[in-house]
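Residue numbers (this note's numbering), protein chains in the order written: chain A, 30 to 345; chain B, 34 to 342.
The set of hints was computed from the structure by calculation and includes no laboratory data. Heads up, some of the hints might be wrong.
[Said to hold, decoys possible] A few chain A residues facing chain B, derived, Cβ under 7 Å:
1. THR49
2. ALA57
3. LEU58
4. LEU90
5. TYR94
6. THR315
7. LEU332
8. TYR333
[As the list claims (entries may be wrong)] What the simulated footprint calls covered on chain A by chain B, stretch by stretch (three residues with Cβ under 8 Å from a Cβ of chain B suffice, anywhere in the stretch; the number is not a length):
9. 150-157
10. 165-172
11. 177-183
12. 277-287
13. 298-308
[To be verified] Facing chain A, from chain B, some residues (calculated, C-beta under 7 Å):
14. VAL90
15. GLY94
16. MET175
17. ASP179
18. THR180
19. VAL236
20. GLY240
21. ASN325
By construction, the Cβ of each residue, glycine as well, lies at the ideal position given by its N, Cα and C atoms.
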Amino acid sequence: MIRYVGRRLLQSVVVLAGVTITVFVLTALLPGSTARAILGPKATPIAIAAFNHAHGLDRPLPVQYAVYVWQLAHGDLGFSYLLNESVGQLIGERLPKTLVLLTLAYAVALLVAVPIGMMQAVRRNRVEDYGITAVAFLLYSMPAFWLGLILIIVFSADLSILPPEGPQGGVDTYLGQLPALVLPVLSLSLITIALFSRYMRSSVIDNLVQDYVRTARAKGASESWVLYRHVLRNSLIPLITLLGLSLPVIFSGALITEAVFNLPGMGLLFWDAARRRDYPVLLGVTLVVAVATVIGNLLADILYATADPRVRLTGS
Amino acid sequence: MSEATTPSPPVAGLAGTLPEGGEIIITGSALRMIADTFRENRMAVIALGYVVLVILVCFLGPLLYHTDQVHTNIAEASLAPGTDGHVLGTDDDGYDMLGRLLLGGQASLEVGLAAALIAVVFGALWGAVAGYAGGVVDAVMMRVVDTLLAIPALFALLVLAAIFTPSIPMLIVVVALVAWLVPARLVRGETLSLRTREYVEAVRVMGGGSTRIVLRHIIPNTIGTIMVNATFQVADAILLVAVLGFLGLGVPPPATDWGSLLSRGTNYIYAGDWWLIYPAGIAIATTVAAFNLVGDALRDSLEVRLQRR
């Protein structure tokens with residue numbers, strides 16, 4: 030187990046180093062210079078050179094990268110010249126909002142998808158199964174932002190029962206703005222439900238034909254005992270991996286949701302930065318998201334290995 | 034994978050065109066897989082039919098339904114469907130929406146299909162080379178894939194789309210750049226088991242080089258996996274392009290794509306101009322769903338075939 034975790038940990042460190050290089054190279058490729066963006070189109074070449082020199086932007090790329098990593102190691106994610114605020118601070122302000130959105134969406138998705146997937150597996154190839162599969166398929170194939178738009182049209186424009194905008198202000202004020210959270214969470218969790226319930230369905234089906242189910246039934250266990258005591262627990266194990274694997278999808282979904290509902294979280298911060306060519310913010314957010322993805326996957330793998338001994342036995 | 038050794042009748046039309054027995058049988062089996070899939074699965078036939086229909090309508094429709102998609106016409110802006118012969122009304126620039134939907138469909142489908150093709154070809158080569166080479170080469174190549182996979186596609190896409198001015202060729206490259214990773218992983222996984230097979234050993238003993246083994250023996254044997262993934266890739270690519278369009282990084286006007294159409298439509302939610310929001314969204318959702326259905330059917334039949342071996 031320790032060897033397995035150690036190996037995965039080492040892999041993750043390599044991947045993280047790769048992520049910083051990738052993000053840095055991407056940013057170096059961006060057109061338009063920071064100096065131009067800040068000093069304006071009328072800035073003289075001398076002013077631009079002075080700005081570049083002052084911010085170390087005239088140094089060779091490998092040096093700039095080394096400086097970048099050195100600063101990262103000291104917890105410095107960079108400084109947004111455009112917003113005149115440190116990237117770490119910006120992300121610190123925005124991240125909690127995204128985390129609230131993600132946590133709620135994951136919670137709702139799991140609470141709905143697990144029972145639905147189980148029900149589908151038990152009643153597979155009947156009307157209910159086909160119906161839910163069809164709906165899940167459509168949700169999964171829908172552009173996330175379009176689903177958000179439809180929710181706004183129905184619940185805000187037509188029925189006027191929910192605000193079309195996500196909650197504004199700090200996370201501490203969210204309790205007073207619960208109605209504003211409903212549509213963003215609903216929109217993000219609907220697509221996640223579609224994904225999770227499909228996995229849950231096939232996971233339960235896989236488990237239903239296992240020998241241990243036959244054994245339990247042969248011992249005279251009731252169908253609900255077999256389902257809830259044996260099948261459910263084993264079927265949830267693959268979902269651990271799915272939770273980790275779905276992180277990039279969920280982060281992308283959160284970005285879209287925040288853009289649609291104007292919820293000022295990390296996704297919206299990133300989108301604004303992309304449009305303003307605010308390199309340090311682009312770097313910082315991409316890095317945070319990638320690190321979260323790597324750590325999430327690592328945790329999921331370790332949890333999975335803890336839950337399923339077969340993995341760590343074959344893995345090491 | 035017993036295909037290379039199992040004598041099976043070569044597909045008639047291909048027998049004369051391909052030089053060697055192995056490839057003919059493999060190509061034949063891939064074609065047969067598709068044929069079986071669609072013979073057994075009625076939903077897949079409907080979905081495939083729908084895909085073909087959408088492609089035909091988008092590319093041939095404008096020949097029958099003439100609209101001006103270059104010049105704006107403010108005098109005819111925001112007309113409701115049915116007025117003045119505009120079947121789906123007009124947008125805020127006076128463009129005919131049905132014409133716009135077909136034009137946008139062309140862009141979305143071109144990008145989706147081309148990006149998926151590039152991604153799958155490149156990804157399959159990458160994965161096969163990594164898996165066949167093994168050792169350090171494999172480790173380095175796959176850590177590259179892991180690294181890029183750690184950056185969520187949409188985040189990478191936004192940065193890339195901000196670097197390159199959007200146009201159809203650029204969108205194809207940008208989407209392919211983030212899409213090749215999954216096929217690379219899948220093909221590498223299969224290559225690991227394929228490279229120890231007897232027939233690969235046999236080729237090596239007979240003096241076949243690595244390039245030959247990878248291109249003519251390993252990749253053809255992963256064709257099932259590749260085809261299944263390619264189908265899903267098209268669906269994903271269409272969705273990604275739609276998101277880029279929605280975030281303002283799609284094909285620039287007067288050209289358009291389905292996502293950009295929706296992006297403009299968002300301004301008219303409260304005006305009740307439903308024709309700016311529903312048709313493009315329905316087009317995306319149904320086309321993507323159809324590609325996913327075809328992919329699902331192909332995967333099911335691939336799994337069944339693997340179990341039979």
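Hint numbers not upheld by this structure, sorted from lowest to highest: Hints 1, 2, 4, 5, 7, 8, 9, 14, 15, 16, 19 and 20 contradicted; others consistent.
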